[in-house]
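When you get a sec, could you build the whole thing from the sequences and use the hints?
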Amino acid sequence: AQTVTQSQPEMSVQEAETVTLSCTYDTSESDYYLFWYKQPPSRQMILVIRQEAYKQQNATENRFSVNFQKAAKSFSLKISDSQLGDAAMYFCAYRSLNTGNQFYFGTGTSLTVIP
Amino acid sequence: EAQVTQNPRYLITVTGKKLTVTCSQNMNHEYMSWYRQDPGLGLRQIYYSMNVEVTDKGDVPEGYKVSRKEKRNFPLILESPSPNQTSLYFCASSLMGAGASYNSPLHFGNGTRLTVT
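Residue numbers (the numbering used here), protein chains in the order written: chain A, 1 to 115; chain B, 1 to 117.
Hints listed in this document are in silico derivations from the structure and should not be mistaken for laboratory results.
Take these hints with a grain of salt, some might be off.
[Unchecked claim] Straight line, CA to CA, 20 angstroms or less: simulated SDA-like cross-link-like pairs of lysine to any residue: (1) B/Lys-57 x A/Leu-97; (2) B/Lys-57 x A/Thr-3; (3) B/Lys-57 x A/Gln-2.
[Claimed, not checked] A short list of chain A residues far from chain B (calculated; beta carbon distances all over 10 angstroms): (4) Gln-69; (5) Ser-82; (6) Gly-106.
We put the CB at the ideal spot given by N, CA and C, even for glycine.
Printed below as a string of structure tokens:
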């Protein structure tokens with residue numbers, strides 16, 4: 001099974017500043033998909049951004065962007081101009097194209113936004 | 001509205017009393033799965049299904065059962081709940097298959113907070 005590692009259990013950022021959440025994964029597959037999910041206190045799981053491994057261009061969604069380094073098996077999430085509503089638990093996820101199209105999740109990073 | 005409907009939202013029960021958490025999706029997704037979320041452990045997969053009548057164990061299947069008799073429904077059954085199954089549970093669904101469908105994300109239900117005393 002693939003392993004997804006989020007090494008930062010907690011992070012904090014000042015409002016309007018930029019923060020980067022790290023994610024690494026272990027795989028022998030050449031093609032796969034990566035996702036970041038946000039879980040606010042409401043506990044709803046919300047898709048933030050997705051990345052196809054075969055695409056070299058990093059995905060962006062408004063203030064959210066990723067730094068995808070395929071060789072390093074790294075998939076970090078950058079949040080620009082942080083807002084109070086960005087405070088949440090963030091999960092990195094890997095989707096395998098082989099093993100039953102499985103999704104594998106990291107342990108999460110809790111982000112605090114300081115006003 | 002496209003959604004995954006999971007019920008109940010909160011459930012408190014006693015050890016050994018059988019319970020079912022329901023999950024239904026209206027997006028015609030082939031793939032459905034159950035996760036439990038525990039502090040410091042992230043989301044761990046319990047069971048998943050790639051189609052009707054096809055189910056497979058995830059990472060933590062012990063103490064759980066599932067069934068997939070219809071494409072839209074994927075209930076989670078705890079035959080004899082124990083306190084170590086106290087957790088937050090999520091049902092999720094996704095497209096699966098070839099090509100562009102692979103970047104289909106998981107769509108989650110709103111979660112069930114289960115407490116077993």
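Q: Please name the hints from earlier in the document that this structure breaks, with their numbers sorted from lowest to highest.
A: 6
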